[in-house]
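Asks: Residues per chain are reported as follows:
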Amino acid sequence: MSKSINIIKSTAVPLQIENVDTDQIIPARFLKATNRDGFGKNLFRDWRYENDNEMTPKKDFVLNSPIFKGSILVAGKNFGCGSSREHAAWAIKDAGFDVVVSSFFADIFKNNALNNFLLPVVVSDEFLQKIFETVSADPSSEITVSLEDQAISLPAASLKTGPRVDGLERVETFDINSYKKTCLLNGYDDIDYLLSMKDEIESYETTRI
Amino acid sequence: MSVQHKNSEPGNKGKGKTLFEKIWEKHVVKEIDGGPSVLYVDTHLIHEVTSPQAFNGLAKRGLKVFRPKQVVATADHNVPTLNQHLPIKEELSRIQVQTLKDNCAKFGIELYGLGHPYQGIVHVIGPELGITQPGATIVCGDSHTSTHGAFGAIAFGIGTSEVEMVFATQCLMQTKPKLMRINVEGELKKGVVSKDIILYIISHTSASGATGYAVEYAGSAIRSLSMEARMTICNMSIEMGARCGMIAPDTTTFEYIKGREFAPQGTAWDRKLADWKTLYSDKDAVFDKEILIDAAAIEPMITYGTNPGMGVGVTGHIPALDEVEEKEKPYFEKSLHYMGLQPGVKIKGKKVDYVFIGSCTNSRIEDLRMVASFVKGKHKANGVEVWIVPGSKQVEAQAKEEGIDKIFEEAGFLLRQPGCSACLGMNEDKIPAGKYCISTSNRNFEGRQGPNARTFLASPLTAAVAAITGEVGDVRDYLLS
Ligand code: SF4
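Chains G and P are the protein sequences, given in the same order.
According to this note's numbering, the residues represented by the first sequence are 80 to 288, in order.
According to this note's numbering, the residues represented by the second sequence are 5 to 485, in order.
One chain only, chain P, in its complex shape (with noise of 0.2 angstroms):
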């Protein structure tokens, strides 16, 4: 079997102590009898949606941020990805981009805004400036905050009233989580990248089957990727539900960490380092689930529906109505009504209008050299238009270093600048009423990418396939040959 569940035994708790635990311990400043512990946040990391209310509550309280040093802004959702030196032309978004320009002005946080050369999505610049680290609490108003676990970190999304909280008094309340670990074992196929792992994993956990968890990710396979690739998957833990996904931090963590912008130095990092290496689930831990995954088993993967448990590996088919529980019926009918597509049939061949690469997922630098290294001198098919958005104003800098934009500019694509764009439909960057569109991203809800589209969430490299054919495809037809 390639998937296997175990539950610990009630009461069969061990000395030893998780990942999770070693951090959390150090992060409660107290412990409520019967509710929530306050957890004191080392660093938290704010965008233009969901701070300007938080801002607001603080200044009706007559409150300063209590520690504006360990704050962090970008403005990424909600800017356009051309012409990004140009006045943003919509009124709102222009207004959210400039209400947060004036907060941090206000409150003493350092910016990042449109313009800098930091700016980018708000889970690839912590990282690439070295302001994530392991051992920490992190937390961001975006469920994507968990993308910053791959470091060895707690990290979450929380919510605007909860970003008040956190500027107010640099802590939270929260209740720990149940912990459940998924370790990813021996070698994974060719083709097969991290971003397959994790659509796998929730396929078979489903979209809540980790909710009221935090996950650490480990394993063989888990270990052997690298940095980005680890982001990935701790990215996704959200869209099973999971308050949080960790991976213990290692020489990759910490190679890749030194002698990034913010990363401690000299005898500091030093310290650091000592205090990382302690930073993994002892032996003897006990957690309350345990999942053990075949790496050999994972396929590249697709989604054909509207929550990412709806995933398919690319040479499979869509279940058929009978392979569904009586139970699910009416929400798979309904999602499939919504893509378009039918019960039982096969998803390899089926025509996409939109192939997008980007998003807190898959826009790093790594995604990006592994699109080029597919598409070079290669060119896109007809009617397909594809869009390329690097995560981050650095990572736009790297991809022109590297001479990626010209195999890019050579395959037909538009290489757009740095912002969340058509992962969420909120920005100009949509997918127009009933298109498909082959996603980088992490969601495929209705609507998610705009009004009516619909979306195929996969790896780079099967994106980077459906770009140059123009449908969905097995990126392994094309490495054997």
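Isolated chain G, as found in the complex (with noise of 0.2 angstroms):
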């Protein structure tokens, strides 16, 4: 698992579905396994293959197209709702994603992305869209996503006019609490953090009835 994240600068695939949910990304039946690796083959299965075969790709679906590369996600609000499966973000993480963009993301996979430094981008609905738009009429754009900046920019190719396409800026910004950007720019885990605090916790404890 790559530690550490700040600046990546990538061609994007669009997932344009909405409700995307934990057992889409990784079914059930692939949580057998009882280590973090080799999630990846089985991302977005049954969407991915007919009859659950790997030797018949759906041909339509964005994962198996040739067009559609690079190391940041796209895809439609409410994305990883429902179970707390973390082997949902190991499973995008090993496939080679850095970066998940939506509108809008459940909250335990949101936790779980950021434990796994998959940083997920949530953005507004009219800039999602305008990711969807720019990446379909030209899937070698590069979308560039900046920690540091809190900033997601569109490629400049993608400017008719000076800073905005289309009435709206080429760059947004979100939101990141200090504390998990600190982590993720610096490669730091929580486990290190709350090891740190063992006299801490022990005192509190002695304070319970």
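Honestly, I wouldn't trust all of these hints.
Straight-line Cα separation of at most 25 angstroms, SDA-like style, residue types lysine to any residue; simulated pairs [said to hold, decoys possible]:
hint : chain 1 : residue 1 : chain 2 : residue 2
1    : P       : Lys333    : G       : Ser182
2    : P       : Lys338    : G       : Ile96
3    : P       : Lys93     : G       : Asn132
4    : P       : Lys331    : G       : Val202
5    : P       : Lys338    : P       : Gly438
6    : P       : Lys110    : G       : Leu274
7    : P       : Lys182    : P       : Leu283
8    : P       : Lys180    : G       : Ser182
9    : G       : Lys156    : P       : Gly344
What the hints contain is simulated information worked out from the structure, not anything from laboratory work.
Hints in hand, dock the two standalone chains.
Replies: What follows is the structure in structure tokens.
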């Protein structure tokens, strides 16, 4: 697992579907492993193959498309709803993505993603639509995500006039809490932090009834 | 209007505290500037699917489980529900269940695994053993941990990295969610049960309407419910995206807990009880959002689509295309295509192939009693397969003691052994492709019950009607006759 993220510049894979739940991201029957590796090959398994067969990929599914590639997954709103399975974040990361962009993420998925150095970027519905349009029109369009600046930008090539496209800023900023940002930029994880607090945790325990 | 919304004015914070805030504040070990809080976890429940990688991580760091006595394990997701005394046939499943056993032995954790009289679905056994208690913080690597909130606890699902954090430190990093209260006032109509309340709520809030919120359920209709019924409601909080769901504890709660295996006893009980009685939202407490629901407006509910927000009353119809917002159309059409259903048609009378009564939403003794009282003396419809899967060994034993197993047998139902079963299409119990299953579980996602399986979510009563008639029906038609 690559630790620390900052600037990611890549073409994107557009998954223009809303309410993508964790059972779609990785169906339950693939959760039997006892380690974290190898889930990528079953990412979106049932959308990817006919009759659960790897020899018969569904041609119209975007992950099977020879055109769309890259380390940025762009998906419709309410991405990652459903179960708490972290396997969903592992599968996306394992399939080569570092960023997921949507206009809305389910809570637990977002936490799981952050804990795996997979950056969830929340954009407005309008900006999301603009990304879909830009990428569909030109799959070689590169999107830039800067964690440091908390900004996501469409390529200059999609600029028609000045810094705006169709009345929309080419760049949008996104939120992330400052603690998590520091963790991601520096490759820290929560366990390291919590372990450093052992004494405080023990003294807290003595105050309980 | 049957559903009313109210948003609080910003800055209109009273002095009073909500139930959530009272519990949360007691568990904050430290607040981090601009970041999450370090939250102490009282009870950590684990199962075979989301724990192995956390144990591996712990071992890699050379750590022990910090507070093994606060962790309880069971095997539920990946177990067969027939012939549980035999070795598990499927190799990966067998290894996963064995890995849990090995890890629990190695790290000193109590395991109620296969063959143990306490084994069962993690969210069923916690409450029935008295492990789930008011005022506690409870986590599990499972999104339906929200179930335990029915006791007035802060209970939520976590990912495996977080499971590892709790193993290592008994703490988690958490941002405080926003607070929502859903008040269900008035009396429920005959034939309408708690599953219908929550399906009704979700059909109004949508599958993401409570994302970022902790939800408290309140109001006279909620107060009137049994603990089992309250658990069904809190269980599905996650289906509208909520971080957790909770109900203030009251006499119903205390009576349920008293005398259970791990409930406090003697003076400890008195001390705890005094504390639990302080757990309610103060009159002047302010929520970020409040919703008022008229209980009398709720019908027996059923879902027609591929997320739990896509529900209607059983006498209603699937929305017609012109009733769906333009931007929702692609998802709506995709969903109906998967379900093999047409927009605008009535759902009543739709044929079903399977009936699944089980899962952490509706597999408790009260659910089984409800089904049994309806089907007693009746027989299942031809061509319908009916699976009843008790939530735990204790529920199974109780059902046998009460003769409920006989009623099911005579009705032609198959009473299986405890586990998650067909709720999630992970173990052997799957609904075949293209078949329709009316299910008392909580998710109707594409493929949830097996690749290309089609799910209608409903209450145990509505499922019982389908078992007997072979189609989606209105339980009220039978109660009145
Ligand atoms: S019964 Fe279903 S929802 Fe409940 S814990 Fe098991 S798999 Fe999850």
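Asks: State for each hint whether it applies.
Replies: Each hint tested on the structure:
1. In summary, the hint linking Lys333 (chain P) to Ser182 (chain G) is supported, as the alpha carbons are separated by about 17 angstroms, within the 25 angstroms threshold.
2. Proximity of Lys338 (chain P) to Ile96 (chain G) is assessed by CA-CA distance (about 9 angstroms); at most 25 angstroms being required, the pair is judged to hold.
3. Between Lys93 (chain P) and Asn132 (chain G) the alpha-carbon distance is near 22 angstroms, which keeps this suggested pair within the 25 angstroms criterion.
4. For the given pair, Lys331 (chain P) sits about 17 angstroms from Val202 (chain G) by alpha-carbon distance, which is consistent with the 25 angstroms threshold.
5. Distance restraint check for Lys338 (chain P) and Gly438 (chain P): the Cα-Cα separation of roughly 15 angstroms lies within the 25 angstroms cut-off, and the hinted pair is therefore satisfied.
6. Distance hint between Lys110 (chain P) and Leu274 (chain G) is fulfilled; the C-alpha atoms sit about 21 angstroms from each other, no more than 25 angstroms.
7. Between the alpha carbons of Lys182 (chain P) and Leu283 (chain P) the distance comes to roughly 18 angstroms, so the proposed pair stays at or under 25 angstroms and holds.
8. Distance restraint check for Lys180 (chain P) and Ser182 (chain G): the Cα-Cα separation of roughly 21 angstroms lies within the 25 angstroms cut-off, and the hinted pair is therefore satisfied.
9. Of the supplied pair hints, the one linking Lys156 (chain G) and Gly344 (chain P) holds, its CA atoms being roughly 24 angstroms apart against a limit of 25 angstroms.
The earlier numbered hints are all upheld by this structure, with none contradicted.
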